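Start from the sequences, fold in the hints, and give me the full structure.
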Amino acid sequence: MIRTVTLLSAYVGLEIRRTYRDPGFVVFGLGTPVLMYVLFTSIGRGSQPVDAGWALTSMVGLAAYGALGAGLSAGSAVAEDKSTGWLRLLRLLPLRPGLIVAGRAVTGSLMVLPAVLLVLLTGMLLNGVRLEPWQWPALALMLWAGSLPFVLLGIANGYRLSPSAAGTTNVVVNLVLALFGGLWFPISEFPAVLAAVAAWSPGHLFGSLGWDTVAGGAPAPGTVAGSLGWTLLFGAYAVHSFLRPATKG
Amino acid sequence: MHTTHAAPPAVTLSGVVKEFGAVRAVDGVDLAIGAGERVALLGRNGAGKSTVVDMLLGLNTPTSGTVGLFGGSPREAVDEGRVGAMLQDIRPIPRVTVRELVGFVARTHRRPMPVAEALALAGLTEVARRRADRLSGGQTQRVCFALALVGAPGLLVLDEPTAALDVAARRAFWETMRVLTDRGTTVLFSTHHLEEADLNADRVVVIDRGRIVADDTGERIRRSFGTGLVSFTRPAGTDLPEGLETLPGVVSVEDLGGRIRLRTTDSDETVHALAGLTRVRDLEVATAGLEEAFIGITSGADTVPAPRKADPR
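The listed protein sequences correspond, in order, to chains P and X.
Final position of the first sequence in numbering that gives the first Met the number 0 is 248; the numbers increase by one with none missing.
Final position of the second sequence in numbering that gives the first Met the number 0 is 312; the numbers increase by one with none missing.
Since the hints were made in silico from the structure, they are not lab data.
Quick caveat, the model's predicted, so the values are computed rather than measured.
There may be inaccurate statements among the hints.
What the hints assert, rightly or not - Calculated lysine to any residue pairs in the SDA-like style (CA-CA distance at most 25 Å, straight line): (1) P:LYS81 <-> X:THR139; (2) P:LYS81 <-> X:ARG98; (3) P:LYS81 <-> X:GLU99; (4) P:LYS81 <-> P:LEU109; (5) P:LYS81 <-> X:THR60; (6) P:LYS81 <-> X:ASP132; (7) P:LYS81 <-> X:ALA163; (8) P:LYS81 <-> X:GLU18; (9) P:LYS81 <-> X:ARG90; (10) P:LYS81 <-> X:PHE19; (11) P:LYS81 <-> X:ARG74; (12) P:LYS81 <-> X:ASN44; (13) P:LYS81 <-> X:ILE89; (14) P:LYS81 <-> X:GLY20; (15) P:LYS81 <-> X:ALA162; (16) P:LYS81 <-> X:ASP78; (17) P:LYS81 <-> X:GLY137; (18) P:LYS81 <-> X:ARG129; (19) P:LYS81 <-> X:GLN87; (20) P:LYS81 <-> X:GLU75; (21) P:LYS81 <-> X:VAL95; (22) P:LYS81 <-> X:GLY136; (23) P:LYS81 <-> X:ARG94; (24) P:LYS81 <-> P:LEU232; (25) P:LYS81 <-> X:THR96; (26) P:LYS81 <-> X:THR107; (27) P:LYS81 <-> P:SER161; (28) P:LYS81 <-> X:ARG133; (29) P:LYS81 <-> X:PRO93; (30) P:LYS81 <-> X:GLY80; (31) P:LYS81 <-> X:HIS108; (32) P:LYS81 <-> P:THR167; (33) P:LYS81 <-> X:LEU134; (34) P:LYS81 <-> X:ASP88; (35) P:LYS81 <-> X:SER135; (36) P:LYS81 <-> X:ARG106; (37) P:LYS81 <-> X:GLY45; (38) P:LYS81 <-> P:ARG20; (39) P:LYS81 <-> X:GLY57.
In structure tokens, the structure reads:
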């Protein structure tokens, strides 16, 4: 047990250094959602104060968007490791394969959390968003935990695809899930048929975990069930991708 | 030879076969390596060396036959941290320093050597704070070496460890290796340089087309196939003299269109005897290129034609 923790922290420590020294992740991965939130809540209102409802809705949506993107990009590093032979080297260390995947997931969640917190902080300080004290940590935890399916999806793509293909796929998936899930603009603005489908998309269910929380209650059972369904599906995809033969030659 | 057979063998391969589709990359290899031995796996590119190494490390499983390390499976030996490996074409992960990378691998082992010692042994002390993904090819190779040895493993497996190194770096590498083997580490390395195998191993296992074709000391392997080349021009209008094949040391005779070339284990004796046999012009004595000597080893082992055919007349 102690040894597992030691190994996990050694691996996660290495991966975290590598991630947070990447200006691409720090500037774009963490910065973009904040920038978009500032734009979305300041454009077109002249000198009027920001609409409190929109400031809150958009804050949750863009925090979810940041979490989604950070979770997915955690998997792009897997593709890189595969192509450099680093995955082969990891297999020659006294580390069980499950520990590598767990380390990846922990790294992913440590990338997600700052993305969430930065947007929430911006909402609180810049747009004066007010919530009950318990709602702030509840919201952060909800979005943190709810990002798991996207970490799994990113890892699955990383194991399955080449580095450039995995990077592109994860960016496209990120944009599609965010836009279609109503994380940028509410799905109530969509045509009715599209909105009905979008309501069950992974991005929207993820956002709903947060919106339900700030509305003052626990997430709706349908939201939780839907999110768990996507987690299982992406988890199965990740396991399947990981178990494909990794050796060459 | 100072092989001890008291301890269980570090490496055992028995009847190992590996097929990739219709291609038989490894075709029935039996090999036992005792603890403390330094063994070179010598073969041309594509001879099956890397496939053997992969199976030895548990990265690949044999189609048939068994692989054992220290009496257990490769995976068990790896989990116990008893194996250090240096594979070909590994690039370190980005944005991490040499020291961080070696430190990480050290932390995965139960009884590693101090990180500073591994860095010093691999000649990386000066670049320890630099990013591991921004080093030259030779330095990268040394990083991989440090990663292999920092766990203080009982067995080091090195797949073409000096491929990216220049002559000076190569010499430094083998000096380091000697420090380790003097501590009793078992070493198996693959190479396609006969000289490297001869100089740095107690035992040379020659592999060709997936089979072991020779297994002996480097000295004897080198001598039995000849590394001296004695060349001369046959006087115009004369036949190839009789008896060249039986001159002392001569291993093979080639006629390259009037230019005769003898491959020999003892150039001095060959030249001496040749003078008594015939008048030769443009005599030239050289050391065979290692690749040439190596072709000499493996071309006779099977029916596939050698690049240059000996002309026996």
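Here's how the hints hold up against the structure:
no.	hint	in the structure
1	P:LYS81 <-> X:THR139	holds, 17 Å
2	P:LYS81 <-> X:ARG98	holds, 22 Å
3	P:LYS81 <-> X:GLU99	holds, 20 Å
4	P:LYS81 <-> P:LEU109	holds, 22 Å
5	P:LYS81 <-> X:THR60	holds, 19 Å
6	P:LYS81 <-> X:ASP132	holds, 15 Å
7	P:LYS81 <-> X:ALA163	holds, 21 Å
8	P:LYS81 <-> X:GLU18	holds, 23 Å
9	P:LYS81 <-> X:ARG90	holds, 10 Å
10	P:LYS81 <-> X:PHE19	holds, 21 Å
11	P:LYS81 <-> X:ARG74	holds, 20 Å
12	P:LYS81 <-> X:ASN44	holds, 23 Å
13	P:LYS81 <-> X:ILE89	holds, 10 Å
14	P:LYS81 <-> X:GLY20	holds, 23 Å
15	P:LYS81 <-> X:ALA162	holds, 22 Å
16	P:LYS81 <-> X:ASP78	holds, 21 Å
17	P:LYS81 <-> X:GLY137	holds, 22 Å
18	P:LYS81 <-> X:ARG129	holds, 23 Å
19	P:LYS81 <-> X:GLN87	holds, 14 Å
20	P:LYS81 <-> X:GLU75	holds, 23 Å
21	P:LYS81 <-> X:VAL95	holds, 17 Å
22	P:LYS81 <-> X:GLY136	holds, 19 Å
23	P:LYS81 <-> X:ARG94	holds, 17 Å
24	P:LYS81 <-> P:LEU232	holds, 23 Å
25	P:LYS81 <-> X:THR96	holds, 20 Å
26	P:LYS81 <-> X:THR107	holds, 20 Å
27	P:LYS81 <-> P:SER161	holds, 8 Å
28	P:LYS81 <-> X:ARG133	holds, 19 Å
29	P:LYS81 <-> X:PRO93	holds, 13 Å
30	P:LYS81 <-> X:GLY80	holds, 22 Å
31	P:LYS81 <-> X:HIS108	holds, 22 Å
32	P:LYS81 <-> P:THR167	holds, 16 Å
33	P:LYS81 <-> X:LEU134	holds, 20 Å
34	P:LYS81 <-> X:ASP88	holds, 12 Å
35	P:LYS81 <-> X:SER135	holds, 21 Å
36	P:LYS81 <-> X:ARG106	holds, 22 Å
37	P:LYS81 <-> X:GLY45	holds, 23 Å
38	P:LYS81 <-> P:ARG20	holds, 20 Å
39	P:LYS81 <-> X:GLY57	holds, 17 Å
Of the numbered hints listed earlier, not one is contradicted by the structure.
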